[in-house]
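Colleague: Since chain A is already given, all that's left is putting chain B on it; use the hints.
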Amino acid sequence: MSKDFYKGYREPCLSLMKKNEVTVWCELIAKTTRGDFHGLLLPRSETADPEHLVLKLDSGYNIGIRHDTVLSLEKVGYREANYKIPEKEFPVDPEKPRVRLFGTGGTIASRLDYRTGAVIPAFSPGELYGSVPELADICNLDTEKLFGVFSENMGPEQYLILADRVGEAIRDGYDGVIIGHGTDTMHHTSAALSFMVQNPPVPIVMVGSQRSSDRPSSDAAQNLINACHAAAHGEIAEVMVCMFGPTSDRYNLLHRGTRVRKMHSSYRSTFRTLGDIPLAMVENGVITPIDDKYATRRLDREVDVQPAFEEKVTIVYYYPGMLPDVIDALVDKGYKGIVIAGTGLGHVNRKIYPALERASAAGVALYMTLQTMWGFVQMYVYETGREILELGVIPLANMIPDVAYVKLGWSLGVHPNDLEAVRKLMTTPISGDMTDREPHDGYLVLQGGIPEVQDFFTGVWK
Amino acid sequence: MGTPSSLDTSGHELRPLPPAHGVTTSSSTLVWLRAREWSASVWVWAVIAAPSEAVEAVVRGCVVVGVGVSQDIADTREPFQPRQSLPSIVSIVQRQQPLGLWYARDVLASEHLLCFRLSMSPRPPGDLNPRRDPALDFPDKDLSEMSFEDYERLGFLGGLEVHQQLSTEGKLFCRCPAGRRVTNVDAEVLRHMRPTLSELGEYDQCALMEFKTRKEIVYLLDRKTVCTYEIDDTPPFPVDLAAVKIGLQIGRLFGLNLASELHVMRKQYLDGSIPTGFQRTGMLGLTGEIPFRVPELGIDRKLRIRQFSLEEDSCREVSDVGHRITFRTDRLGTPLTEVVTEPDLKTPWEIQAAGRLIARVARTTKKVCRGPGAARQDVNVSVAGSRRIELKGVGHHRRLPQLTHIEAFRQLNLLRVREELRKRGIDAPPVPEGRPFAWTSSPLVIEAGALVKRSDYAPLKDALDRGDTVVAVRLPGFAGLLGRRTQPGITFAREFSERVRVIACLTDRPFFIHSDVRDYGLGPAEWRALHSALEAEEEDAIIVVWGPSGDADTASREILIRAQEAHEGVPSETRQAYLDGTSGFERMLPGPDRMYPDTDTPPLPIRDEWLAEIEASLPELPWDREDRYVKLGLSLLEASELAAAPWADLFDEMEVADKRVARRLAHAFRKRLPHHARQGRMALPYPDRVKPLVRDLESGTIRLEACDVVLDEIMERTSVPGSELLAPFRRTTQSSKTLDALIDETVKAAAALSNRPKDVLIRWAMGKVMPSLLGQVDPSEVAKKLETALASFFKKGAA
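In order, the protein sequence lines correspond to chains A and B. The first sequence begins at 1 in the numbering used here and counts up by one. The second sequence begins at 1 in the numbering used here and counts up by one.
So here's chain A without its partners, still in its complex pose:
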C-alpha cells in the first residue's frame, strides 16, 4: 500500500517527497530555483529517469521539476479519483446475428487515463458499446477476455486455448467469432488458428488497431465495425484478418489467415496478402468479395479443432556469412524443426551443408521458405538448390516463412514422433498456406516517384 503513495518515484525524489510530506495526487506548490509551480503531483512512469517530479498544471499540461531545483513542496490539497470506462448496456436485438468477441490483450477500444497516460482498455460489451455505439446496429455481441497479454507475448500456449474456445463458440451456435489482437503478431495467430480450427462453418475474424482508440484519428472503430460486419453477416467462413485497406478511412480488407503479413511498423494499411489477392473488401457494412475462391458460411456446427504445438521449432533467417554452428547449436539444444528463410529461390551457402546434414540425420525437420516473401521455392533451377534438397531440406512452395514456422510447430505437435506424417501435413496446402499459382497482381509493390505511379495516386485515396 505504501508504495502506491510514491508510485513510480525512486531516490532522490522519494526522499524529497517524504521529507516534504507529500505523496502522489497531492496538489502542491513547488518552490524551486526556477520559480514556483502549482499543480498536482502525478505518478512517475517507471521507465522515466529518477530525477524529476511530474506536476499536472491547471491548464492540463504536465511539467517536470528536477529534484535538486526544489526548495520546498507545500501540500495544498489532494485529489484522486477512480477511472472507469462508461458502461452502457449493449442493446440486444433477437433479430440480429450473435457474435462472440474474444479478447487477447490488445486494446480494441480504450481510453487514456489522462493523468498517467495509461491506456485503459474497453472490453465488456457495455464498454465497447459506450465507445463504438454503431456496433449495436450490426449484431449482438458477447465478449470474453481470454488473456491480458501484449501481442508480442502471444504464443503457442495461447494458441491452444484460443483454438479450443473458438471451437466452443462455434458449437455454441455463434454466427461469427471476432478475436481482438495486437497487430504485431496477428498474422502468426491467424496462421495458427487456420491450422488448428479447420473448416469452420462461420467467419473467424481477427482485428486490432494500428492507432490506439484513445486517439481521434484511430483506426480502431472502423476496424471493429467492419470486423463485426464480416463476422455477423459475411459469407466467408475462414480465419481472416480484418484491417485497413488504404491508410485513408475508406474500407477494410479481409485477408486469408495464412497469406497475410504485417508489412509496415506503423502504417494503418500495414496488413497485406502476399502472393495472392485479398478475400474481400468491407466498406460501410457491405462486404464485396475480391477472390471467388473461399469457404462459404454453413449452417452446421461442425469444425475440425486440432490444438497442438511443438515449441522447439525455429526460423533461421539465412545471411551470406552464416556459419554452420548456428544450425549445430539448434540441434544440440534439441530443436525438432527448423524453417529456413533462404535467399532467392531457396538457397543457403555450402559452408552450412554439413550442419544441415547433421541436423537431418538427427531427425530435425528441415523446411525451406523464402526471405523474399513473394514467389515460390524452386530448388531445381540451380545446382545449389538440388544439393540442398539432397540434404533433406523440404521446399514449401510459396508459404510465408512465419506461416511455415507456425505450421511446423503445429504439425510436430499433431505428430510428435512421425516426421513422415509431418512432411505430409507440411506439403499439403491447408487454408491457402501454399497456392499452386500466383496471379500477376499477387505481387504488387508500387514504386514511388515514378510518374505513372504518381498519376495513379492522383486518382485514388492513399
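Treat the hints loosely; a few may be bogus.
Unchecked claim - Computed beta-carbon distance windows for the label pairs:
1. A/F457 to B/E289: 20 to 28 Å
2. A/N153 to B/K366: 46 to 54 Å
3. A/P133 to B/A677: 26 to 34 Å
4. A/I29 to B/G489: 23 to 31 Å
5. B/D519 to A/P451: 52 to 60 Å
6. A/Q378 to B/P238: 39 to 47 Å
7. A/N153 to B/P177: 53 to 61 Å
8. B/K366 to A/Y319: 47 to 55 Å
9. A/K75 to B/R301: 28 to 36 Å
10. A/I290 to B/R607: 50 to 58 Å
11. B/P177 to A/R423: 37 to 45 Å
12. B/P238 to A/D332: 50 to 58 Å
Claimed, not checked - Straight-line alpha carbon distances no greater than 25 Å define the calculated BS3-like cross-link-like pairs of lysine-lysine that follow:
13. B/K392 to B/K346
14. B/K768 to B/K758
15. B/K267 to B/K302
16. B/K245 to A/K31
17. B/K224 to A/K462
18. A/K462 to B/K392
19. B/K302 to B/K366
20. A/K31 to B/K302
Hints in this document: simulated from the structure, not taken from any laboratory. The C-beta atom is built at its ideal place from N, Cα and C for all residues, glycine as well.
Modeller: Below, chain B alone, put in the same frame as chain A:
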C-alpha cells in the same frame, strides 16, 4: 471544519449526476446540476435554496462557491479558491451522503448559493469575466469614439495567445524541412475524426460538435514537405533540440519559470487541422512578466505572461465545402511557440500593443520566422457579465483593435438579448434528443415542406426541387430578437445560421430564413400557416431551414441549442476573425480536459548547460534597447518607436555616439525609409552606404539639415558611389566663397522683386541659395546674411 490531517480518498467514488442541461429543481429546493461545458470532468454541484440569479450564475459557469462550515456561507460571494477548499470538500463528499442534504438544513434560510466543485482538472481561471454587471445601457459607439473609461464601464478584458513559428531546419517531431510552402500534390489521404472518451467517459463539447459535422477530412500531400509522421502513420521522432533551445531562449526573455523536464502532451483538435486529431505540445515555462511601456497610450506597467509552450503547427485549410474539408500539409509540424498572457488588457489598443511587444521579444532572438502566417494570434475577449470568447487566427496586429471592439459589443448585445428574454419571462426551449428526426420528437420543430411548397421564394423553391427537407423551428419568446444587431451589419439571426452552417454543413446559401424578416422570402400566408402549425404565439419567432434530411435534422437541433444558450448569454465559443473586423462561429471552446500525455514521447530533461548557454548569449530586449536609445538622447516615444522599427538594427550599426546626430538619424529613418519602401525600393539601405554620412554628420562635415535629403539620395541613386553622393553636401574651404557668390547673384536677381514683402523675399532668396549648399552652411547664418545683403542692396537701390 478544519482540513483533515490525512485524507484517504481511495474510497470516494464519485458517481456522475444525472445529466441536466441547466437546472432541475427537486421538491426540497435542492438543486443538482452539471453545467454542460464541464461535463468532461467530475463536477459535483449542490445548489441550495439559491436565488434565481445565483443559479443562473452557476449555469453560466459562475464560480461563486461556498465552502466550509455553515456560518461561512453568508460570505460565499468569493471567487472559488481551490487551494483552500478542496480538502474540505473531499471530506464533505466522503462523510456526507448524499452531498448537499447535510447543508440543506442549515442553509435553506440564508438564501445563498452553495456549490461544491470537485474536479480532477479545474477549469483555468479567467473563463468568466470577473465582473457580473453588464453595462446594458451603454450606447453603441465606434472604436474611434471610445475612451479608456468607456471600456472600463464595459468591463472589457482581453488576453492574447500569440503563435510564432520558429526558424529551424526541420520540423518539430520529424525530419521534414520546415517553412516550405508548396502547391504540389502527390497524393491525398482521407480521414475522419472520432471523439475520444474523456476521463468520465464523456465527450468534450468541442469534440462532440466536430463529430456532429460528420466531416470527411482530406489531406493533400507533397513528398518533399511531408513524411509518414505528419499523416499519423509513423510515431514521432525525437523532438527537435534546436527548436527546444530557441523556445527556452524566448521563454527566458519573457522572464518565465522554466520547466526542468519537457513533457509532450496531446491537445485534441477534431476539426481535422492535424491528422492525428491532436497537437503535440509541451510546456516550457510559466508565470513571467515583461515591462509593458507604450508611451502613446500612457501605459507603463507589466504585462503578465501566463504560460509558454512549444508545439507543432497545424495544416493550412484549403477549402471547407459541405461535408468535406481539405487541408494542405506543408506547414504541419513546423515548430511553433505559444505565449499566453493573463487577461490584463483593458482596451483594444492595449491588445494591439501587447501583440506587438510579444512579437518583438520573440524576434530579438532572430530565430523566428517572418512573413505571412509566421506569427498568428488568438485573442480572448470578455466584457462584464460575459465569458471568454476566443477569436482565432488574427494575422496582423493592426486588425486587433477593431476586431476586439466589435466582439465586446457583440457580447454586450447578446447579454441584452438575454435580458430581454428574462423580461419576457421566457424559459429556455428543450432540445429534442429523440430519433430519428427532431420533427418527430419535438413540438417545436415541424417538417414544413408542404406548408411552403407554393412559396415563390426562389431559394426555397430550388431546395424543394432538389428534394431538400424544409424544417420550421419555433423559438419561444424570440420574436423581434433575431433581427437585433449584434455586429456591424449583422443581426442576432447570424448566430443561428453560423451554427447551422458549421455544424450541419449546409452550404447552399441561403439555407435559412426567419420570421423577423418580412420584406422578402416567405409571404404572409406561409408565415401564418407555419405559425398555426407550430402553435406559435405572437412573441415567438420561427426559423425555417432547409437541406438534406440528415443535415436539416442536425440544423433544427442546433438552432434549439443556440436558443438555449441565448438564455445563458454568451456561449463559450471559438470564433473566426474576418477581415472586416467581425467574426463568425468556428467551434465550441474546448475545455482543459482535452490534454493527454503523449505516450509516444519520453520526457526531455532541460539541461542546465542549455540554460547557461542561453544566459550567456541573451539578445538585447526591446525595453533595454529603448533605455539605451533614451540614454542616446531620444525621447521615450522616439526610443520606443525606433526599438520597434525594422531599421533598428541598421541604426545600431551606425554606432552613433552624438546625441544630436542620433535624434536626427532616427527621425530621418522614420520619415524617409517607409516612403522609399512604398516606392518599391529596397526596404533598407546597405549600412556601408549610410555610415559615411553618419560620420560626416558627427564631424560636422555635413550639417544635420541635410540628413533626410542625403538619405533620399542614398536610397534613390543606388548606382552612384557613396563618396560621390556625399561630396555636394560636404563643407569645403570653398563653401563660404560659394555662399558669398551665390548671395551676390541672388541679391542682384532680387531687383525684380523689390515690391514683395520682406519675408517672401527672404524665402525666395533662401530657395535660391540653400539647395546647392545644403549640408555645407548653416541656414540661419545664410538667412541672416541674405537679410543683411538684401537690406543693403535695396538701401543702395533706394538711395
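Colleague: All the hints need checking, so say for each whether the structure fits it.
Modeller: Hints, verified against the model:
1. A/F457 to B/E289: 20 to 28 Å: violated (52 Å)
2. A/N153 to B/K366: 46 to 54 Å: holds (52 Å)
3. A/P133 to B/A677: 26 to 34 Å: This hint is violated: roughly 60 Å between Cβ atoms.
4. A/I29 to B/G489: 23 to 31 Å: Roughly 50 Å apart at Cβ, these two residues miss the hinted range, so it is violated.
5. B/D519 to A/P451: 52 to 60 Å: holds (59 Å)
6. A/Q378 to B/P238: 39 to 47 Å: holds (45 Å)
7. A/N153 to B/P177: 53 to 61 Å: Given about 40 Å between the Cβ atoms, the range is violated.
8. B/K366 to A/Y319: 47 to 55 Å: holds (51 Å)
9. A/K75 to B/R301: 28 to 36 Å: This hint holds: roughly 34 Å between Cβ atoms.
10. A/I290 to B/R607: 50 to 58 Å: Distance hint for A/I290, B/R607 holds at roughly 55 Å.
11. B/P177 to A/R423: 37 to 45 Å: violated (56 Å)
12. B/P238 to A/D332: 50 to 58 Å: violated (42 Å)
13. B/K392 to B/K346: holds (19 Å)
14. B/K768 to B/K758: holds (15 Å)
15. B/K267 to B/K302: violated (30 Å)
16. B/K245 to A/K31: holds (24 Å)
17. B/K224 to A/K462: holds (16 Å)
18. A/K462 to B/K392: violated (31 Å)
19. B/K302 to B/K366: OK: B/K302 and B/K366 at ~24 Å, within 25 Å.
20. A/K31 to B/K302: holds (23 Å)
Violated hints, in rising order: 1, 3, 4, 7, 11, 12, 15 and 18; the structure is consistent with all others.
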